[in-house]
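K.L.:
Going down the list, the sequences are from chains G and W.
Counting from 1, position 83 in the first sequence corresponds to residue 87 in the working numbering; the numbering is continuous, with no gaps.
Counting from 1, position 102 in the second sequence corresponds to residue 1040 in the working numbering; the numbering is continuous, with no gaps.
One or more hints might be untrue.
[Said to hold, decoys possible] Straight line, CA to CA, 27 Å or less: simulated DSSO-like cross-link-like pairs of lysine-lysine: (1) W:LYS1048 - W:LYS1156; (2) W:LYS1015 - W:LYS1110; (3) W:LYS1140 - G:LYS107; (4) W:LYS1048 - G:LYS292; (5) W:LYS1096 - G:LYS120; (6) G:LYS107 - W:LYS1048; (7) W:LYS1110 - W:LYS975; (8) W:LYS1021 - W:LYS1096.
Rather than coming from a laboratory, the hints here were simulated on the basis of the structure.
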Amino acid sequence: MFNIFLPVANMSVNLFLILGIGGLVGFLSGLFGVGGGFLLTPLMMMIGIPPAVAAASDSCQIVAAGSSGALAHKRMGNVDMKMGITILLGGIVGGTIGVQAVKYLRELGNFEFAIKAVYVLMLGLVGGIMFLESLRTLRKSREGESSTEFSSTKFSQLFTRLPFQVHFKRAGIQTSILFPFFIGSSVGFLAALMGVGGGFIMVPTMIYIIGMPTVVAIGTDLFQIVFTTANVTLMQAMVNHTVDIELALILLCGSTIGAQFGARATKRLRGEQIRILLALIVLTIMIKLLVDLLITPGNLIGLSKVGGGH
Amino acid sequence: MKRLIIISLVLASILSMSLSIKAKELGEKEFVTVSTKEQINIDLRYSGDRIYFFGTVPEKGADVVVKLISSATEHTKLTQKGKVGLFWMGTKQYEISNIPFMYKIHSSGKLNSILTTTLAKELGIGYEILKGNMELKLVKGEAPEERDIVFDGFVKMKEKDNLYRIAEQRIKITQERVFQHYFTFPQKAKEGTYKIISYVIKGGKLLAMSNDTVVIQKVGMEGWLTRMARNYGLAYGIMAVIVAVSAGLLVGLIFKGGGH
Chain G
5 MFNIFLPVAN MSVNLFLILG IGGLVGFLSG LFGVGGGFLL TPLMMMIGIP
55 PAVAAASDSC QIVAAGSSGA LAHKRMGNVD MKMGITILLG GIVGGTIGVQ
105 AVKYLRELGN FEFAIKAVYV LMLGLVGGIM FLESLRTLRK SREGESSTEF
155 SSTKFSQLFT RLPFQVHFKR AGIQTSILFP FFIGSSVGFL AALMGVGGGF
205 IMVPTMIYII GMPTVVAIGT DLFQIVFTTA NVTLMQAMVN HTVDIELALI
255 LLCGSTIGAQ FGARATKRLR GEQIRILLAL IVLTIMIKLL VDLLITPGNL
305 IGLSKVGGGH
Chain W
939 MKRLIIISLV LASILSMSLS IKAKELGEKE FVTVSTKEQI NIDLRYSGDR
989 IYFFGTVPEK GADVVVKLIS SATEHTKLTQ KGKVGLFWMG TKQYEISNIP
1039 FMYKIHSSGK LNSILTTTLA KELGIGYEIL KGNMELKLVK GEAPEERDIV
1089 FDGFVKMKEK DNLYRIAEQR IKITQERVFQ HYFTFPQKAK EGTYKIISYV
1139 IKGGKLLAMS NDTVVIQKVG MEGWLTRMAR NYGLAYGIMA VIVAVSAGLL
1189 VGLIFKGGGH
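Working from the sequences, and respecting the hints, build out all of it.
P.N.:
Right under this line is the structure:
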């Protein structure tokens, strides 16, 4: 009942299950202020959506979810166009290489392993750091200390000595163009492989390493995410034929509604409590994926090329 | 008794409605089968389908074996997982072909008591026959080829999706003449033609056979999107981006700035 057939995933799924997953991730993204793409792909994989379709459709969903936010930030003047375009160019290069890597890994038969392994690493790292940082903040707040502010870092000083120095007006910094380009390429590559927008890597990098103001970092990140994931969506559709537009739109509906509730729930919880909760969710998903890689599979034989439409 | 009346009524009504009736005579024996449907449309609400088959056995005491086989065959790459260090990952890759995409057998009794080995081979009934026909090529990894492991894993995968099944004693023959059963076409049954061949067998000999055909096709939006995604990747990709941006902006308008 209430099943819906996804033409590219080539399978029938419960409409409310997908809406629920979208809603849950949207709720968390509203609550925690992150894009949530890094949670959406593994959750879809868990319900049986082929990994390649899950990642590609997630990219498509991020295009939709990010576009309204990007436009709003642009109007408020929170987008550093020069920085955004540099990261975007890097993202397009990285995303294009990433899509080819997906194709190669799928043909090799190890795409599922690769995507799960990368997720275990990323989720483990992000979840672990977040958990420890939140615990520390909780402890400090109990002891009555105020949290330390980040200022100019050793990294940002290092980049001022690299060639191709450019002044980024909106961000109010001068740095080498090579670094944002490299970060853009790495995140673009991950976007193709994992179906993530990369906000959870990009925003902290822009704030702590490049040294940008938080609001401009968020606005610029959203701006480049829309274009990077649009490029990935286009490439995935052309090369791997794995974008399920129906799936993306259902997820969008769920995530948008969920995000509204998430944003309201933020007012009732303290920042560090929210972050500990997110860290626990991230670590739980990481453990589930890790167990999948470690335990003897029920069937030693699997399709080399997973995904619909073939 | 009540069940027999229902079956007879259904059978009579289907016959009178002139649904497709395919019969083939072998010698003196006439064997008729009918199905409730000849076409399955995959649309937005599709989640698999079930088709009933009815028939009359030409000779008392005979057994019935029905084979469902897809016209489409598999030509695909399979990965065999092995343990590398602590992790399970692909260690060998095979290319397999000449094996049906969907294969199901229903019978009125135990297959080994109905069929001789020769007849089973002649009619293509049983997994052993499929295994023998399957073409296997090791494309990555070290020899030897492990045909049994690959075939068993492949069948396990297919059975999980309900695309392969051998169900003995599934067909009930009432008063030694009328039989009925159904085949489930799972959600993963793809577009194409599926043949349903019913055999009447007695004393290890084939008495009669009859063919039915079911066609599965994607229709409406599902069909259009599938063909677009498969054949016009660039156009589909551009459309996906435009739809996503429009939907995002629309949602942003509704919720005044979007949720992200």
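K.L.:
Sort out which numbered hints this structure fails and list those numbers smallest first.
P.N.:
Those not satisfied are hints 1, 2, 3, 4 and 6.
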